[in-house]
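Make a model of the complete structure from these sequences and hints.
Given next are the chains, with one letter for each unit.
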Amino acid sequence: MKILVTVTEVAEPDDEFEIQGQSIEDRYLTYDLNEWDDYAVEEAVQVSEEYDDVEVVSVTVGPERAEETVRQALAKGVDRAIRVWDDDLGGDLLDPGTTAELLAGVVEEEEPDFVFSGVQSGDMAFGATGVALAEAAGLEWAAVINDFELDPDAGSASVRRELEGGVEELTDVALPAVFTIQTGINEPRYASLRGIRRAQQKPLDVETPTDLGVNVESTLSLSSLEVPETGSDVTYFEGSADETAAELAAFLREQKRVEA
Amino acid sequence: MSDVLAVAEHRRGELREVSHEVLTAGAELGAGELHLAVIGGDVERFADELDRGAVDTIHTVAEGEEFNHGVYVQALEQVAEAVDPTYVVTPNSVNGLDYAPAVAESLDMSLVTDAVGVDTGGGLTVTREFYGGKTEGEVDVFDDRAVVTIREGEWDAPAGAAGASIQAFDADIDETALGTTVNGFEEAGSGDVDITEADVLVSVGRGIDEEDNIPLIEELADAMGATLSSSRPIVDNGWLPQDRQVGQSGKKVTPDVYIAIGISGAVQHVAGMKGADTIIAINTDPGAPIFDIADYGIVDDLFDVVPALTEQFA
Ligand SMILES: Cc1cc2nc3c(=O)[nH]c(=O)nc-3n(C[C@H](O)[C@H](O)[C@H](O)COP(=O)(O)OP(=O)(O)OC[C@H]3O[C@@H](n4cnc5c(N)ncnc54)[C@H](O)[C@@H]3O)c2cc1C
Ligand SMILES: Nc1ncnc2c1ncn2[C@@H]1O[C@H](COP(=O)(O)O)[C@@H](O)[C@H]1O
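Protein chains in written order, with this note's numbering: chain A, 45 to 304; chain B, 31 to 344.
Hints are not guaranteed to be accurate.
[Stated by the list, open to error] The list that follows gives simulated cross-link-like pairs (lysine to aspartate or glutamate, EDC-like), each with its CA atoms no further than 16 Å apart: (1) A:300 with B:229; (2) B:304 with A:277; (3) A:300 with B:307; (4) B:282 with B:86; (5) B:281 with A:212.
It is worth saying that the hints were derived from the structure and are not from the lab.
Predicted model only: the values in this text are computed from it and were never measured.
Okay, structure coming up:
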């Protein structure tokens, strides 16, 4: 059995940052494994621990810098990684359809039994790449799942899709399929020291879109990026922690919001 | 002139509010014909309810009771073939994101999700957030045709009856191609505390750092006679039970006072608490989106402020 996990690196801005043109200046950004993909990796590794002969392969569309993040996934139990990149991809906002076409090229090469993807990337938050990949690669799918039960003999999986307001949809999905993994589905492990050491030896292959036979161009471009105007009129309590706490407590009492 | 196809959403016999909002966003996207697709469930009742605003034609596809993405994708491919829309507009809901990307891919249209604003003067430009709501960007769409998913609650429901033409659309659904079977629904279990009933909620987020620090917030809630709630990561980590979670996939709360401590104010969290009367935020990051909706704020370390506040009520 082979599981493909899509893994993306996300950028998180510092509390204070500056925007240059249409992007946040790099010195204010910290890069990390996308939170949702951390859960997707864990889910795949758990399946590989439950069944014999399971290979977990990760795929990332991203520049060389992303290899640090990919190594994190390898350290947590991914067996082998693929990174797809071409400098032409670096200029614009990569739309989810374009990313999906590239990932679909890898699906075609690897022919996984199923794919785990994250519900969303923390920075771009399109929430769309997994389902777009399924359609592009001709796979079935289920979006936003918080429970996954594999039935290898039936060639299907039973999942729970987490809808709004605490409602869960119970659904059976025919394999091969893409599942977009929601946080909380499992407890992602920390990489062990041994895992981190072993990750250095694991294969991390780089492919270009041309290698995959995929010819893509983003259909989106970011024309402006700014810190939104806060239309709100927040009243700030200022001073030391003791002072602000006293002001807030006095306010709450005055408003008769709190009895104590 | 651009024709637009909007898509309604319903669940367990009820239309979801966003079904009205797609009509308003759809009218903004195109000055041509505004179509609405209503797929599955009690389509005639839904069509009557949605005959509002600027909608010209409502296509009802009587196919199944509940949402099945395979049915939606096939039906929308066929409706789109009939009406040839420039833009397709759908909810950015959990189900919207279960079919819209596939529809875009299959119709070879560009896709922009989670729109909070649209502009069509000179091609399509979509306003959406990036980096967890810390920035907002304008996205130019190069393709002539696009699928746009809209954030719930950003557009008003249209006013006034439309007198649309309501037409039964005879979709040809290939049942053998449906790869998913929906077996039913379950409500996440509820425990002994109902946070939707509380007058004052003290709510804790990832800023608390570790499970061992949760008692700090519990003590504050106790001292104030308030109820403890949280953002999602706290529940994901198993530090508090699911019934304490506020937000899109948790509970919608409307207390008199909501104190958000170490919570950034992600859209899915805000969806559950923006109806609170007075919102107070304690956060080290002055740029945290929670301050966009807060009435009162303290920009400081919760580990300093919370114990001091507890002291005030001791
Ligand atoms: C489909 C879907 C459904 C979702 N449903 C929900 C939902 O129902 N509810 C929900 O909450 N989320 C939900 N989410 C997750 C949501 O997107 C966010 O990831 C989540 O709300 C973030 O929680 P947080 O604010 O606690 O954490 P973070 O975003 O990590 O914010 C932590 C905050 O703490 C502050 N902080 C750090 N240290 C301190 C300190 N010492 N003192 C004071 N402040 C500090 C930081 O500045 C930051 O603002 C959903 C996501 C998806 C995709
Ligand atoms: N550049 C990428 N490389 C690999 N996987 C990606 C990439 N972008 C998005 N994904 C996957 O798609 C999921 C949803 O991302 P998004 O559609 O950007 O919100 C992520 O959690 C990843 O699993």
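Hints, one by one, checked against the model:
no.	hint	verdict
1	A:300 with B:229	11 Å, holds
2	B:304 with A:277	15 Å, holds
3	A:300 with B:307	13 Å, holds
4	B:282 with B:86	34 Å, violated
5	B:281 with A:212	14 Å, holds
Against the hints set out earlier in the document, a violation occurs for number 4 only.
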